[in-house]
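Student: What follows is the residue order along each chain.
Number of protein chains: 2
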Amino acid sequence: MRARLRFTEGLQFVGFSETGHAVLMDGGPEAGGEDSAPRPMEMLLMSLGGCSGMDVASILRKKRQALSSLEVNLRGERAQEHPRRFLKIEVEFVVRGKDINEEAVARAVELSMKRYCAVKASLNAEVKASYKILPE
Amino acid sequence: MRARLRFTEGLQFVGFSETGHAVLMDGGPEAGGEDSAPRPMEMLLMSLGGCSGMDVASILRKKRQALSSLEVNLRGERAQEHPRRFLKIEVEFVVRGKDINEEAVARAVELSMKRYCAVKASLNAEVKASYKILPE
Chain A
20 MRARLRFTEG LQFVGFSETG HAVLMDGGPE AGGEDSAPRP MEMLLMSLGG
70 CSGMDVASIL RKKRQALSSL EVNLRGERAQ EHPRRFLKIE VEFVVRGKDI
120 NEEAVARAVE LSMKRYCAVK ASLNAEVKAS YKILPE
Chain B
20 MRARLRFTEG LQFVGFSETG HAVLMDGGPE AGGEDSAPRP MEMLLMSLGG
70 CSGMDVASIL RKKRQALSSL EVNLRGERAQ EHPRRFLKIE VEFVVRGKDI
120 NEEAVARAVE LSMKRYCAVK ASLNAEVKAS YKILPE
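Chains as they are written, first to last, in my numbering: chain A, 20 to 155; chain B, 20 to 155.
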């Protein structure tokens with residue numbers, strides 16, 4: 020998999036993905052950026068949410084669970100000292116829908132964390148997953 | 020650091036970063052997505068390029084190197100088997116400018132990789148960095 024990025028000004032970069040999509044990243048004013056786009060560490064955190072969220076959505080679809088909504092909430096704890104890596108990340112899946120089977124949700128989350136989520140497996144951080152099922 | 024994502028349809032997710040920026044992620048048609056946005060693993064790869072690129076840009080600015088352009092090229096090798104994590108990532112910095120000091124570039128890349136880049140430090144993958152200096 021390939022990607023390339025082009026520096027624009029300040030701290031802003033345009034990233035081009037292999038599938039042909041562009042994204043912006045920027046730093047905050049305190050670091051010399053313009054806050055025009057997410058920080059790279061935020062992109063990393065969101066990539067984990069997208070990856071595991073897609074797993075859970077597609078597994079629950081196969082299990083014929085009728086979701087009315089699915090949200091992923093993430094909280095990352097970072098080291099105090101440089102390079103300030105993520106030490107621990109909590110991922111919470113909030114599933115809404117009618118007659119959602121709790122076992123199906125638990126299994127979908129487990130499969131994503133243990134087997135499918137490539138972003139999670141690429142991280143050097145403790146990842147803790149949980150879920151919440153809410154009525155429609 | 021917090022983030023949240025909302026599932027839309029297919030495999031598309033909208034991510035919201037703590038600094039207030041939204042990004043889209045999507046899967047490809049082969050997986051049930053619509054290819055409307057980068058894959059999560061592409062986001063991860065680009066986050067590494069953005070993080071290390073911002074370090075290199077800002078260190079070279081402090082060292083008063085006049086860049087006319089800076090690009091970051093990334094290539095990630097993934098495991099064949101699920102969860103298909105990144106095994107190895109090559110990051111190449113392509114610096115253009117007048118009278119660019121090679122030692123300054125080498126040092127900027129080294130500082131990013133060893134000390135500053137929080138995305139790199141959060142990854143469980145071998146990361147190899149290189150650079151190329153081209154005339155303006």
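Because the hints were derived from the structure by calculation, they are not lab data. In this text, all values refer to a predicted model and were calculated from it rather than measured experimentally. Worth double-checking, as some hints may not be accurate.
As the list claims (entries may be wrong) - With a straight-line Cα cutoff of 27 Å, these simulated DSS-like cross-link-like pairs (lysine-lysine) come out: (1) B:107 to B:117; (2) B:117 to A:107; (3) B:81 to B:147; (4) B:107 to B:151; (5) B:151 to B:82; (6) B:81 to B:107; (7) B:82 to B:107; (8) A:117 to A:81; (9) A:147 to B:107; (10) A:133 to B:107; (11) A:107 to B:151; (12) A:133 to A:81; (13) A:107 to B:147.
Student: Would you pick out the hints that fail for this structure and give their numbers low to high?
Tutor: 1, 2, 6, 7 and 11
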